[in-house]
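Protein chains in written order, with my numbering: chain F, 1 to 280; chain A, 281 to 560; chain X, 561 to 840.
Hints may contain errors.
Unchecked claim - Each pair of labels, with its calculated beta carbon distance range:
1) X/D750 x F/Q194: 16 to 22 Å
2) F/P145 x A/G476: 27 to 33 Å
3) X/N706 x F/E247: 30 to 36 Å
Honestly, the hints are just simulated from the structure, not real lab data. Cβ coordinates follow ideal geometry from the N, Cα and C atoms, glycine included.
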Amino acid sequence: MSSRLLSFVCRTGRRRFMSTGIKLTTVEVNDKTGIATLTMCRPPVNGQNLELLLDIKSSINEIKNNNSRGLIITSASPKVFSAGLDILEMYKPDPQRLRAVWTELQNVWCDLYGISVPTAAAINGHAPAGGCLLATACEYRVMVPNCIIGLNETQLGIIAPKWLVSGYLNVLPKRVAERALTQGRLFTTDEALQEGLIDEIANSKEEAVDKCVAFIGTFAKVNPVARALTKHQFRADNLRQFHKEREQDVDDFLSLVNRPEVQKGIGIYLEGLKKKANKQ
Amino acid sequence: MSSRLLSFVCRTGRRRFMSTGIKLTTVEVNDKTGIATLTMCRPPVNGQNLELLLDIKSSINEIKNNNSRGLIITSASPKVFSAGLDILEMYKPDPQRLRAVWTELQNVWCDLYGISVPTAAAINGHAPAGGCLLATACEYRVMVPNCIIGLNETQLGIIAPKWLVSGYLNVLPKRVAERALTQGRLFTTDEALQEGLIDEIANSKEEAVDKCVAFIGTFAKVNPVARALTKHQFRADNLRQFHKEREQDVDDFLSLVNRPEVQKGIGIYLEGLKKKANKQ
Amino acid sequence: MSSRLLSFVCRTGRRRFMSTGIKLTTVEVNDKTGIATLTMCRPPVNGQNLELLLDIKSSINEIKNNNSRGLIITSASPKVFSAGLDILEMYKPDPQRLRAVWTELQNVWCDLYGISVPTAAAINGHAPAGGCLLATACEYRVMVPNCIIGLNETQLGIIAPKWLVSGYLNVLPKRVAERALTQGRLFTTDEALQEGLIDEIANSKEEAVDKCVAFIGTFAKVNPVARALTKHQFRADNLRQFHKEREQDVDDFLSLVNRPEVQKGIGIYLEGLKKKANKQ
């Protein structure tokens, strides 16, 4: 995945709900369709630091409460959906802050995974790790060509937690999932379509959003209460398991990240990024 | 699905076990193959009212006890396998009777899902909702062209209960199942084959039954005790979960059906059926 | 599957760890790749008697402790990977010995299924029953053409235990698995590839081993601790369930094997083998 720092504009036209303060996400509700679009706007790669995670959580809850008919999540960056957890949060971390980061990542996942309205991801760029987390928490995924998606945590020396894997297994066959998780495999757009990790390919962000709108439109004649109960029933076991294990999971994550060899690996990775940036 | 009232003849030739009283099902055991065929005969669409459900249950138990080598379930109607729960049972329901209806639907499912002998559905017509329930409780499904099958409960404002979903998940990938359940999707015969919801297409009811007989024939050289233990072991978790939740499930269903908006929806639906019938 | 007694040579060149005593397996570690190859050498068909099982277990543990980068399991026989449990162990069995046999089969499965390093099976011949058990406990499977693989226990009047089925379900869709288990289905190499029971076909044992080496090579840049934690997390539920049920499972197996009709079936089968052998 490109690590070049990309300048980009966060377009917020047609927004009905304007947020106050420096928002790292925007929520627009389309007047005609009633569908809310949550756009991540933390340049250059929507690295998930504590502030972005808090903002995504608050936007999901805004959508929960504004009677939207559906939720589409996408990115304001032209080439990256989200690069996942901001690696700076994991390097020589302050324990309290790192604990908060992981807790908010959990909150974002369970709020998005469990929301009643139909959800779709317009994956308009790369979506490794935490980017894939957001996409697989949704009910539908449309992706632009020539990008990568996947839970590649093992490549960084950490692991995809069990609750995240449970969502991966809603989408991928077990055989494919186990191999991909142990390899830290990143699927190309074409591979992702073939394995079922995404549902459609679109040639642009606009087309991706349109296809997400069409997906959410398939529920137009479905009773929304029955739909919500059916979705909750389907996902309840995973959520129950998540709530049982979430505290232990925070402890496990912190102790893994603080292993000397993991810290060393992250350090080398960051050094490489810096050298690349200096060359450009 | 066609809602036209179809006259049809319930053929019961070659029957070994003749039932007394007004039977809404027949059971025939083929002398040569030893396979029992359970035929639903409640014109026009095998709407599952209390009486039909009690009759199906009793026929399944008859087959359990008559040393049949397998069970094939099919319909006497030329165009409909079963339209599912009789919607009249759900409209302005008597609580005691509706409780009995749902309890017997549960009984039919768990008796068919758990029976030791090989089971196959010759789906000779449409199979929405409770029709799909019967088909997916079996081990094999053969369907005629140009029909529909699926758990479309959300379209009616109700939900497919967890035990029924557990059987759906024996057949469909999770990704396909969740989407189909939330959408209340009805698969065409071709779509059902492609996703694995059915196993074969047959051009007529006769051919469908023949293919079911062939499937059951694949067990000819398999030790029947080992076969039964293997089937039970495979399905035991779902059945255990079902028995744990079945009482709560009845309460949930009754309270859902009695919601004013669900009653209103059913009323509108029935009004529509009446108008259609008057036009013809 | 051919029951002809095959003479064969157990090649042990390039071995780093030579075992003492009459070993029924060999372990070679390739100096260049660091990958250990475990070869079963009990002519003619690697029938899993108590001694072979003990030896496989000890070789797995040797590999666990010798810092190998991966494990490949294969057979010294030219035509058979492993024919599964030695049927003589089940005929008129000594209860204590049969109990030990099944316990060691369990040990072999859970040690191979749960080992941290990447595992692959170079299936250079037929792999019914216990042969399939070894293959499906691995993370990757490469098989030579025109052979058979599957859990065909019901054909012998016994059943594949739940823990073994749990591993089968890591690989096959539920729908395919239930049918295959009840039928005791043996898949040809081509069928196995199509259903996902194997991952690749190779034209010779050497090519199969090479492909296994290539698979293990995909982990070269993956952090081994993160890889191991991810694998364990994925397989932990199955292993936990296994440990809960393993004692009951031994009792169940013994009581099943000792059923008069199962003993009679095995007797007839052995008689058939003897006649075949005499003809040759």
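Hints and how they fare:
{"no.": "1", "hint": "X/D750 x F/Q194: 16 to 22 Å", "verdict": "20 Å, holds"}
{"no.": "2", "hint": "F/P145 x A/G476: 27 to 33 Å", "verdict": "29 Å, holds"}
{"no.": "3", "hint": "X/N706 x F/E247: 30 to 36 Å", "verdict": "54 Å, violated"}
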